[in-house]
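> Spelled out from the first residue to the last, the chains are:
Number of protein chains: 2
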Amino acid sequence: MSLIVVGSMAFDAIETPFGKSDKIVGGAATYIAWSASNFTQPINQISVVGGDFPQEELDALKARGVNLEGVQIKKDEKSFFWSGKYHMDMNTRDTIETQLNVLGTFQPVVPESFQNADFLMLGNLLPAVQMSVIEQMKVRPKLIVLDTMNFWMETAMPDLEKVLKHVDVLMVNDSEARQLSAQFSLVKAAKEIMKMGPKYLIIKKGEHGALLFHGDQVFFAPALPLEEVFDPTGAGDTFAGGFIGHIARTKDISFENMKTAIIVGSAMASFCVEKFGTLRLTEISKQDIDDRIQEFVQLVNFDIALV
Amino acid sequence: MSLIVVGSMAFDAIETPFGKSDKIVGGAATYIAWSASNFTQPINQISVVGGDFPQEELDALKARGVNLEGVQIKKDEKSFFWSGKYHMDMNTRDTIETQLNVLGTFQPVVPESFQNADFLMLGNLLPAVQMSVIEQMKVRPKLIVLDTMNFWMETAMPDLEKVLKHVDVLMVNDSEARQLSAQFSLVKAAKEIMKMGPKYLIIKKGEHGALLFHGDQVFFAPALPLEEVFDPTGAGDTFAGGFIGHIARTKDISFENMKTAIIVGSAMASFCVEKFGTLRLTEISKQDIDDRIQEFVQLVNFDIALV
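Going line by line, the protein sequences match chains A and B.
Just so you know, we're using our numbering here: the first sequence kicks off at 1 and counts up by one.
Just so you know, we're using our numbering here: the second sequence kicks off at 1 and counts up by one.
Any given hint could be a false lead.
The list makes no distinction among identical chains, and a pair is therefore deemed to hold if it is satisfied within one copy or across any two copies.
[What the hints assert, rightly or not] Taking lysine to aspartate or glutamate and the EDC-like style, the derived pairs with C-alpha atoms no more than 16 Å apart in a straight line are: (1) K191 - E227; (2) K205 - D89; (3) K23 - E57; (4) K138 - E112; (5) K191 - E228; (6) K195 - D168.
Derived from the structure by calculation, the hints contain no laboratory data.
When you get a sec, could you build the whole thing from the sequences and use the hints?
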């Protein structure tokens, strides 16, 4: 069993300058699973949902090669719910409402069949829950990737600091990198954060692309310039899914291969934002993905002949 | 005579979160000349200064291969002066004071020896002045590049619209592209702007890099992630200088070569921001530039093997 994905499976209600969604299926682990399953199967999913989570969504994920043995279903409770509103630049958003529901008491259990996974993707979630999954692994995975957000820096920093000591790759966005490090320069921020545990740091900059840091090395991947960013919800999780999916497929955790994984993640994220929720991710084909990755190659390809 | 550079030569007083400069030499054409002269000489400079502009600065430019025959010196008047203050993100700034001085009545004259230039770089300046230079050219240059700013969109839009019809490449920053096109999406903005005249559009995004649009093609160049952005003044002009300098050196105005020119421009801009004013540009060697360009190659270089 190769890849474990941990994170929320939930409901979102989203408002953007271009429209408003109903209460739709979302959650970090949902996006990661849809994205990563294009590259590797099964996805060994660890999450928790309430009785209100649609069976057809679970069926669709199962059909996609997602092993739901680690997903707890609490029939008499409600799934996590988030509603938010994006501003015109689509890089900033306001949270309108958060209902923790089942997530408030979530105790993850790693099924026996998930042991010996090579790759562990810890989607954005309480740091203590992320730590619990690491502690339950009898053999340390070859690569542990963790995504987190500013909310945990404000409410659970000691737990976050603890789990950071155990992960290989941290993913945050630019403002979170600044908050976590108390440095404005992202180069300085990266140095500080890599002292906290992660040997690799990915800083997501939304429409401005992503940076990968490792020691003194740095790699930059652009975001595809899009006519429309319809809904950015889940773009970071979709990026994470493409990243870990590529790593799990190639079984190569070198810095060089992480660069490629970031391009794959960026390509997946560029699909995610084209429609509300996970919809676009459920539609795309392997050919669509290959074509999109080629667009990234063209976007940054240049020849240099020195003076 | 191959390259003409038009723009201000002036004084700036700059305040950043990291420090405050005295009244120092600046101006678009000053930065462009320092930058472009690394790649091609002579630089045929068209500008205007007052009697207060330092002779040693003119001498330094001359020693650098800048032909000052087109620079008017109005002994009894004062040079253009700008003072401004940058905010923490270094992408936004407030103008504290602007004194047009000699620039208010500037009537550029293209010297006979500048005729038949292949390349014309119109640095940020009144659109009517930029137009006057184009009109004085007996033979249209092979490539006309124009830089402008939001100020002219607000105060001289009809003149700007007129000159845009005559240029090949327009350079603006992202907020100016949005203002000029009334489109938020930069992809849509580019389409609108290319209808206004320019066949090529470069959108500068500061620390987020630069985009080159041409027809349906797009190229993205990153900015180098820097520990310190000490002073961004002149970075856009320095970028323009590297861009046109590379084009003039290679005499190749293809889209492919413009990509390389943008990398060269980005490398030059990354030096500019390291110290106040033009100081860093006067220090760097060919080896420094070659090394910096190689950093850009490394920054975006990746291998893709499709799924």
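> Run every hint past the structure and note whether it holds.
We went through each hint and held it up to the structure:
With identical chains, the CA atoms of K191 and E227 are at most 16 Å apart between copies only, with a shortest distance of 10 Å across copies and 35 Å within one. Taking CA atoms no more than 16 Å apart as the test, K205 paired with D89 passes in both settings, with 12 Å inside one copy and 14 Å between copies. When the C-alpha separation of K23 and E57 is checked against a cutoff of 16 Å, the pair qualifies only within one copy, where the shortest distance is 14 Å, while the shortest distance between copies is 65 Å. Proximity of K138 to E112 under the C-alpha cut-off of 16 Å is restricted to the intra-copy arrangement: shortest distance 10 Å within a copy versus 81 Å between copies.
With identical chains, the CA atoms of K191 and E228 are at most 16 Å apart between copies only, with a shortest distance of 13 Å across copies and 34 Å within one. In this assembly of identical chains, K195 and D168 lie within 16 Å of each other by CA distance solely inside one copy; the values are 12 Å within and 48 Å between copies.
In terms of the numbered hints stated before, the structure departs from none.
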